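Read top to bottom, the protein sequences are chains A and B. According to full-length UniProt numbering, the first sequence is numbered sequentially starting from 1. According to full-length UniProt numbering, the second sequence is numbered sequentially starting from 1.
Read the hints as simulated data drawn from the structure, not as lab findings. All of these numbers come straight from a predicted model, not from anything done at the bench. Each hint should be verified, as a subset may be incorrect.
[Claimed, not checked] Subject to a maximum C-alpha distance of 25 Å in a straight line, what follows is the list of computed DSS-like cross-link-like pairs (lysine-lysine):
#1 B:LYS595 / A:LYS451
#2 B:LYS595 / A:LYS405
#3 A:LYS40 / B:LYS458
#4 A:LYS595 / B:LYS449
There are 2 protein chains.
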Amino acid sequence: MGTEAGDHHRLRALSARHLHGVGGAAAEVNLSARRPFAEKVWSDLAETLFPDDPFRGFGALPPAKRALGTLKYFVPVLDWAPRYGLAKFKYDLLAGVTIASLAIPQGISYARLANLPPIIGLYSSFVPPLLYAVFGSSNNLAVGTVAAASLLLASTIETEVTAEENPELYLQLFYTAAFFTGLFQTALGVFRLGLIVDFLSRSTITGFMGGTAMIIILQQLKGLLGMRHFTTKTDIISVLHSVYHYRHEWKWQSAVLGICFLLFLLSSKHLRKKLPKLFWVSAIAPFMVVVIGGVFAFLVKGDEHGIPIVGNLKKGLNPLSISQLTFQSRHMKTAVKAGLLSGILALAEGIAVGRSLAMVKNEQIDGNKEMIAFGIMNIAGSFTSCYLTTGPFSKSAVNFHAGCKTPMSNVVMSVCIMLVLLFLAPLFKYTPLVALSSIIVVAMIGLIKVKEFCHLYKVDKFDFCICMVAFLGVVFFTMVTGLSASVGLSVVRALLYVARPTTCKLGSIAGSETFRDVKQYPQAKSVPGILVLQLGSPIYFVNAGYLRERILRWVDDEEDLGKGIGHDLQYVILDLGGVTSVDNSGVGMLLEVHKSLERRGITIALTNPRLEVTEKLVQSGYIRDVLGEEWVFLTVKDAITACRYALQMSRSKGEDEV
Amino acid sequence: MGTEAGDHHRLRALSARHLHGVGGAAAEVNLSARRPFAEKVWSDLAETLFPDDPFRGFGALPPAKRALGTLKYFVPVLDWAPRYGLAKFKYDLLAGVTIASLAIPQGISYARLANLPPIIGLYSSFVPPLLYAVFGSSNNLAVGTVAAASLLLASTIETEVTAEENPELYLQLFYTAAFFTGLFQTALGVFRLGLIVDFLSRSTITGFMGGTAMIIILQQLKGLLGMRHFTTKTDIISVLHSVYHYRHEWKWQSAVLGICFLLFLLSSKHLRKKLPKLFWVSAIAPFMVVVIGGVFAFLVKGDEHGIPIVGNLKKGLNPLSISQLTFQSRHMKTAVKAGLLSGILALAEGIAVGRSLAMVKNEQIDGNKEMIAFGIMNIAGSFTSCYLTTGPFSKSAVNFHAGCKTPMSNVVMSVCIMLVLLFLAPLFKYTPLVALSSIIVVAMIGLIKVKEFCHLYKVDKFDFCICMVAFLGVVFFTMVTGLSASVGLSVVRALLYVARPTTCKLGSIAGSETFRDVKQYPQAKSVPGILVLQLGSPIYFVNAGYLRERILRWVDDEEDLGKGIGHDLQYVILDLGGVTSVDNSGVGMLLEVHKSLERRGITIALTNPRLEVTEKLVQSGYIRDVLGEEWVFLTVKDAITACRYALQMSRSKGEDEV
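Next up, chain A with everything else stripped away, as it sits in the complex (with noise of 0.2 Å):
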């Protein structure tokens, strides 16, 4: 018995190849396509790692000039400068003064949301944004501190030291937090790692800010009713125990004038909205607020009168902070995780922003390219006491809308800032906290998108959830509770898309030629006697168990629906087309498969492996030792008249036998 089913089997294989080489012609699978494996894996690396192959056209030049295309790909200023002249210049000229106009309320604002000293967002206005100028590659983007980050690190180093009970300490982790971040992007620009940052979906990010912004907002609470004791707590459970709890501090002078800065900035962003080329009054309205508020507080003396102002500024540029990063292991570990935490979520802000805007004026952005230049930003940084920067999204928008042409408006933004802190900076003193919380207020209404949560409901439920973790896990949690859960969920999500590959049954459509899934085409027709599966995605171990099992329920289905007009399955045709990849865990299933349906009776065809999967299969043996060559289609069509062929011969020899 088991010779002539050896026999039956040879026939059937013969007669397919026999009509394969007949009708397909030409057109075969390659089975001894191979490449090397030098080539192999330096084709995988390319993709994963220069996706967007930046030293393209580099192969044909001679050496000096490509030398130097490799130095302006990593020092674009080379690129811009020697084309640059006055006409540009105007443009940056006014692009930069708006935007150091915004420099100084957000930069003493956001150190003051991070607890440190006001004058340290000035200082980081002034030495981040030049070099960004030399190192960046984004035309756009307007160097600065930004909120988030500044409470993301608050809120990780006040775990070990507040700024109360050791203000040196407490400075000297934000540092040194600074240089890790910068180390961090370098190395990530360097290794071209790029693809972390793209674990924070769209989703993720719009319900992290959004959240953040939020607790932001409670955070200024405190400056609006002109507290003076606060929780270090960020979740709104604790910060709004604590302003309930203190309540005798409330200074209804803070909350008059508060309210008054309030409705000031409001109506200077809503007029933007009716008459976009006014952007410039809402841009500076921050500025003048300050100044408003300072003269203010100045005329009233408000420090004796309920309206806390911001206190001393120091006239001279960043002293050298080098010598205060602290590498002790106690304390470094913090540290470190301040930094690439913060660090992270720096990047992801930076070249979103970057990105967006660029691609309004179809510019194009390596993001690689902009870590190492965040990276050595903030490793400098961190040298000359400035904190955490990068490109922030309010600040860069209104460089955009200020019409600047290449990053020359930082390198105007520092001069500015550099004036200020050598001659101004004394003058700021009188700055009244509470115009800071509103300018913060202001700022962060606009991060929570509530139009985009309802869009995501709308269109998918999933991608909802995940941005709905990101913002309530920051409101009622951390900051870093809200990040992880909700990355954790998308990269569950993304597990999952791998685990539970789609696959499905085929059937044609429009004359036999084109084979499409029956369940989306209810017209097309199958074959009786062949199925015909779609399987799709890379096949490996996270899958090979349910592909297995799934098949196997296909097969079984296709069975019991074949009974009932009585037509047995004899052939199961897998179309590889989408399978990108196999390892050695799907090899196995294959071989599984196989042997399972072998002891049914019911032959497997293979059609359309693709070249990594073919090489595989070849060297494993499946192809030449188990499935036998003649078994590989390059299409359906091919596979099913083989298959038809084999069953009719099969079917006219046992009716010969009877």
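Mind docking chain B on chain A? Use the hints.
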């Protein structure tokens, strides 16, 4: 100019639609197909959690039969017991006695490996097999303790308390860990989360098992050399250092006896390879070693002459241990950690063994059902002085070869162990420790699969890396390190597949009906002015950025190529047949690419979007409002025909204008 371009665009679209309507006949992409939300969620959940569709065919049955079917599903003994008879029992009796003879030495050995009183090993071979016989669905699995999980439990629990410090608490933590293992396994089974086990790839398991076998063998140096002091660490360096450090404790008597036993066991194993029919010799060889060793140690008073023995074993069945479970938060954390880790490991081994043996007999194993059986068995075990049990490979293979027919062989083994516990336990007092060590060594040698390592190296270098990380991690660090590093690497690989999906340029072969990767089929021809790209895998946040850059690079390359031969690129056809799903970021990416290409004057067409993708693209407004329905085609051929037609139209119009 804007309106002119608009006109032009409209014309092209119209002509395409016209042609599409004529040529495509009934074959169009159904853009209005949309599944209700509930149906979508339900089908996704069913695919994720019930890939094997366990209640298949129940729908048609009357309620009473359906209930009985469900009961039989969860308690398989109801299914097979009524059909059980003497014919099968003869086989099960033989198999049961054989595995009982293996269970005694293995039980004692593995309990010693975990630094537990040896009698716990015998207890653990009594209750759990009985329960498995009721709830288990594998006919081949033999239940018992396993070496790897024993060592893992010991090394985890020893971070909290060592067996010497507080033997009672140590034992209690083992019971508690078993309890949590059981809870965890049951929960996984009930919530059908068996896919967690899928993340332990074959390569990870091969490497981990090999590494574990290695360190277990190293642990046996203590027994083989008759030493009294030893390290509690498991890594090779600590162990070898401690063996050298306590070299004055080495006993030549133990070593000589050990070598004799090893030679005996190895030759019995060799015999089995040569003459498979004599498998029972190697199956009872460990038992013989225990008996011979015991008699020898009794005769020469081994314990006084450098041959340490097991020591007192209490007569009697398992005492209840339910009151010994400890839920103090301090200790519980360790117990939970140990329980979960060893639980996953035990599941992976048990299910893999069950599946691979079932496959030989062409039976089916439901992984989730097995998890529930393992879970119940471990919960009940933790109440009756047993520690973690599963279906170990060695015992199950012996069971299989001895001809077992049903889980009844586990009952037979259980009865044998019961008799031993009731009457013979004290006799095993004289078992020399060196006998147990040699039994373990021989059992472990087979788990270091050098051939499999070589095979992996040959077929897949990355799989080989994953395997080696597990192996070296276990040998040089800890078991948890090795396992988690290897799983981490596998997951990174899975995510990389997802983050860097393959894209390729298609060309037509075999008469312009079939489109294939031009890299794989160099004879494939492309149409000038039209670029056909195939995207594989789902498009979502992880790879959206990459795909955008990759598509634009393909376009750049094609434009460079076109310049050479004087053909401008005018159309990009994206074949979405391999795209199984798309999320919010993915839709955003398509939109960005669309805008970017539009600015360059290139039109996009989509072909063959699948059901889920069509839904999302329609819902988000991309197809209707941005792309236009007329640019969605069923096949690449249709799309090319339409593009060619539009190209000709625009060219002839251009000539007219000239």
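Hint check results:
1. B:LYS595 / A:LYS451: holds (22 Å)
2. B:LYS595 / A:LYS405: Given that 25 Å is the threshold and the Cα spacing comes to 22 Å, the pair holds.
3. A:LYS40 / B:LYS458: It holds: about 14 Å lies between the C-alpha atoms, which stays within 25 Å.
4. A:LYS595 / B:LYS449: Holds, at roughly 24 Å.
Every hint from the earlier list agrees with this structure, and none is contradicted.
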